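Novice: For the protein sequence lines, the chains are A and P, in the order given. Under my numbering, the first residue of the first sequence is numbered 1, with each subsequent residue one higher. Under my numbering, the first residue of the second sequence is numbered 1, with each subsequent residue one higher.
Any given hint could turn out to be false.
Straight-line C-alpha distance at most 27 Å; calculated DSS-like pairs for lysine-lysine [claimed, not checked]:
{"id": "1", "chain 1": "P", "residue 1": "Lys164", "chain 2": "P", "residue 2": "Lys175"}
{"id": "2", "chain 1": "A", "residue 1": "Lys69", "chain 2": "P", "residue 2": "Lys164"}
{"id": "3", "chain 1": "A", "residue 1": "Lys69", "chain 2": "P", "residue 2": "Lys175"}
Bear in mind the hints are in silico, worked out from the structure with no lab data behind them. Since the model is a prediction, treat every value here as computed from it, not as a measurement.
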Amino acid sequence: MRYYVYYPGCSQEATALAYGQSAEAASKALGIELAELEDWNCCGSTPYGSLKELEALSVAARNLALAEKTGLDLVTPCNSCYLALNRTNTLTPRHGRRSPPCP
Amino acid sequence: MGAKSFLEEIQAMPGGEGIRLCIQCGTCTGSCPNANRMDHSPRETIAMARAGLREEVLSSNAMWFCASCYLCTVRCPRGIKPTDFMHILECIADRAGLSTKHTRTPVMYRTFVDNIRNNGRIHEVGFMRGFYFKTNLFRALGMRSLAWKLWRKGRMPLRAKKIKGTGQLRAIIDKARALGGAL
Numbered sequence: 001m002r003y004y005v006y007y008p009g010c011s012q013e014a015t016a017l018a019y020g021q022s023a024e025a026a027s028k029a030l031g032i033e034l035a036e037l038e039d040w041n042c043c044g045s046t047p048y049g050s051l052k053e054l055e056a057l058s059v060a061a062r063n064l065a066l067a068e069k070t071g072l073d074l075v076t077p078c079n080s081c082y083l084a085l086n087r088t089n090t091l092t093p094r095h096g097r098r099s100p101p102c103p
Numbered sequence: 001m002g003a004k005s006f007l008e009e010i011q012a013m014p015g016g017e018g019i020r021l022c023i024q025c026g027t028c029t030g031s032c033p034n035a036n037r038m039d040h041s042p043r044e045t046i047a048m049a050r051a052g053l054r055e056e057v058l059s060s061n062a063m064w065f066c067a068s069c070y071l072c073t074v075r076c077p078r079g080i081k082p083t084d085f086m087h088i089l090e091c092i093a094d095r096a097g098l099s100t101k102h103t104r105t106p107v108m109y110r111t112f113v114d115n116i117r118n119n120g121r122i123h124e125v126g127f128m129r130g131f132y133f134k135t136n137l138f139r140a141l142g143m144r145s146l147a148w149k150l151w152r153k154g155r156m157p158l159r160a161k162k163i164k165g166t167g168q169l170r171a172i173i174d175k176a177r178a179l180g181g182a183l
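Could you put together the complete structure from these sequences and hints?
Specialist: Have a look at this one:
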């Protein structure tokens, strides 16, 4: 049994409902246990990142921080979400800097 | 912004530094599904950016028609990421308060950003409602048959689900805005 923390993406609760259901069913059949990431937020993909770069990276980073706490690897079926999260994960060590914590 | 040239402005953002490698082969334009709808093709846009034509590039509709299919990025023989470049142009245009009258995409994206700040996740119905209100409400009527089919399949939740950490997320967003919005 493999365990992953699961990032569904916003569309899975709406128009991509069937996609999410099939991803979960396929995972179950393959012996993969998916635990939904607690209180995940928008990944900051194209419509966000195209407009507000730093904001999009920041909201994606919240998801990565939440996932990090679980100690499990993060998976997502949505290609845009994957790209946004992966890109943030790559860029943050490169460009991240220390600044005073949020009030 | 000071005396930074347009090219320097682009190259300062991740994915922008590559455009200096462009050999103008046109593979990006040839791969682009929306190139025919753009004022200037991807290849042309890169050339214009390198030539410092800031106003022409930022008022063009080209980047707003990028579908983020990434075919250009996959195929570019020089390893440039034209998709990232298009997103950079959108960011710069937005920061400069520029939009183009040729497309509703900036309005759509701005509505998206507002929706995220409210809910933490996209509430598709609320998002589209906001978009149609700002653009053309009658176009929403044209979608009613699709809306009915989605509704019947449970794919159109009418009520928005806010995340628990909306306060936390808003603090993060506001901090990013206070930092100027760019890396």
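Novice: Does each hint hold? Answer for all of them.
Specialist: Structure-based check of each hint:
Our distance criterion of 27 Å between C-alpha atoms is met by P:Lys164 and P:Lys175, whose separation comes to about 19 Å. For the suggested pair A:Lys69 and P:Lys164, the alpha carbons sit about 17 Å apart, so the restraint of at most 27 Å is met. Taken as a hint, the A:Lys69 and P:Lys175 pair is honoured in the structure, with Cα atoms around 22 Å apart against an allowance of 27 Å.
The structure agrees with every numbered hint stated previously.
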